[in-house]
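Taken in order, these protein sequences are the chains called A and B. Heads up, the first sequence is in our numbering, so the first residue is 3 and it goes up one at a time. Heads up, the second sequence is in our numbering, so the first residue is 344 and it goes up one at a time.
Calculated from the structure, these hints are not laboratory results. Any given hint could turn out to be false.
List time: in silico EDC-like cross-link candidates among lysine to aspartate or glutamate, alpha-carbon distance up to 16 Å [said to hold, decoys possible]:
id: 1; chain 1: B; residue 1: 528; chain 2: B; residue 2: 363
id: 2; chain 1: A; residue 1: 159; chain 2: B; residue 2: 363
id: 3; chain 1: A; residue 1: 52; chain 2: A; residue 2: 140
id: 4; chain 1: A; residue 1: 52; chain 2: A; residue 2: 134
id: 5; chain 1: A; residue 1: 159; chain 2: A; residue 2: 140
id: 6; chain 1: A; residue 1: 5; chain 2: B; residue 2: 363
id: 7; chain 1: A; residue 1: 159; chain 2: B; residue 2: 365
id: 8; chain 1: B; residue 1: 528; chain 2: B; residue 2: 405
id: 9; chain 1: B; residue 1: 528; chain 2: B; residue 2: 467
id: 10; chain 1: A; residue 1: 159; chain 2: A; residue 2: 67
id: 11; chain 1: A; residue 1: 5; chain 2: B; residue 2: 365
Here's a subset of chain B near chain A, in silico, CB distances under 8 Å, partners left out [stated by the list, open to error]:
id: 12; residue: 367
id: 13; residue: 437
id: 14; residue: 438
Note that the structure is predicted; figures quoted are calculated from it, not measured. Glycine included, C-beta positions come from ideal geometry on N, C-alpha and C.
So you can see what is in the structure, the chains are spelled out below.
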Amino acid sequence: MPKTYEPIATQTLGSAAASVTFSSIPSTYTDLVLVVNAKAQSSDLYPQYKLNTSTTLSRTYVYGDGTTAGSGRSSDNYIVGTNQVYASGFLFNAICHFMNYANTTTYKTVLVRNNNASRGSEGLVSMWRSTDAINSIEYYASGNFDVGSTFTLYGIKAA
Amino acid sequence: MSPILGVWASAQQSAFVVGDYESIATITANGTSQSLTFSSIPQTYTHLQIRGIAQASYSSNDYGSIGVRLNGDTGSNYTRHGIKGNGTSATSFGITSTTFAECGDGAYLNTGTTVGTSVITILDYTNTNKNTTVRGFSGTDNNGIGSIALGSGLWLNTAAITSVTIYQQNANFTDKTTFALYGIKGN
């Protein structure tokens, strides 16, 4: 059986930065998986991703913060992010599955798990209302990601 | 594999061993069935993962569940539980003696360009000393309606898994539905 789940690129921050971008993503895989292991530099931040600049992103999410379980949604936006603020000094991780990202017959769906020791856990589904293939992903925050934060993009190819 | 993408921050190649995650098969629906089955699954992996997008022809602006049945068992031999969010509230579900392991609302119930999506993991599927556990992460969003779920299911049978059926209880999968099966090796 063909082996897959290949690393496409990794970015490790040598200096604090507000965003990282993976561009010119090849269309040869079936799904993309973005794995984030990061920390806020000095202020609380909301990590989020952007696929283009149109207000064609939406999301539905469910979360638990140790006190409350809840759900929410947002529509007609150009970004998709977590509902929870991630406090500075605490590591958070996110795993974002961009499903069937290169097909040109359906809108694009993304499944995200966000986890943060200081805040809680969250599951999220997002839709990009475009039949274009995804060729660029920008992951950014309202503040800076700290030095040492890592972002790895993987490609999974179906038989 | 060397980096081939444009990058805007410092980058370095990470150590990674490719080879433990293999593609087994892909099924695309043809509009005539509410179920898709992976059969004759090799017994050479430790875990299985199924990834896909789904749409069912139900003529509503709504979402429907994606279920899993193992080895063709359609009896009340499953339990399932989990947490769901519909954009307004979070709910917990738990059902025993049911006919499939639910993985969440990963099917969009209409034609068009919107689809739901699922990542389903079947753990230790060849082990005959335990019942089989299914883990689902599944959801649909359509810009104002949606559902996201983290679910877990149990098949009350210790047989090794040789077939997996993806099931939608409302309507036939459309031809925009496709699922891929992967095998994960352990040491």
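How the hints compare with the structure:
1. B/528 <-> B/363: holds (5 Å)
2. A/159 <-> B/363: holds (14 Å)
3. A/52 <-> A/140: holds (5 Å)
4. A/52 <-> A/134: Measuring from Cα to Cα gives roughly 14 Å; hence the hint holds.
5. A/159 <-> A/140: Not satisfied, since the Cα-Cα distance of roughly 22 Å exceeds 16 Å.
6. A/5 <-> B/363: Judged against 16 Å, a Cα distance of about 7 Å means the pair holds.
7. A/159 <-> B/365: Holds. Residue 159 of chain A to residue 365 of chain B sits at ~9 Å (cutoff 16 Å).
8. B/528 <-> B/405: Not satisfied, since the Cα-Cα distance of roughly 37 Å exceeds 16 Å.
9. B/528 <-> B/467: holds (10 Å)
10. A/159 <-> A/67: violated (35 Å)
11. A/5 <-> B/365: holds (4 Å)
12. 367: With Cβ-Cβ at 5 Å, under 8 Å, it holds.
13. 437: Since chain A brings no Cβ nearer than about 14 Å to residue 437 of chain B, farther than 8 Å, the hint is violated.
14. 438: Result: violated, 18 Å to nearest chain A Cβ.
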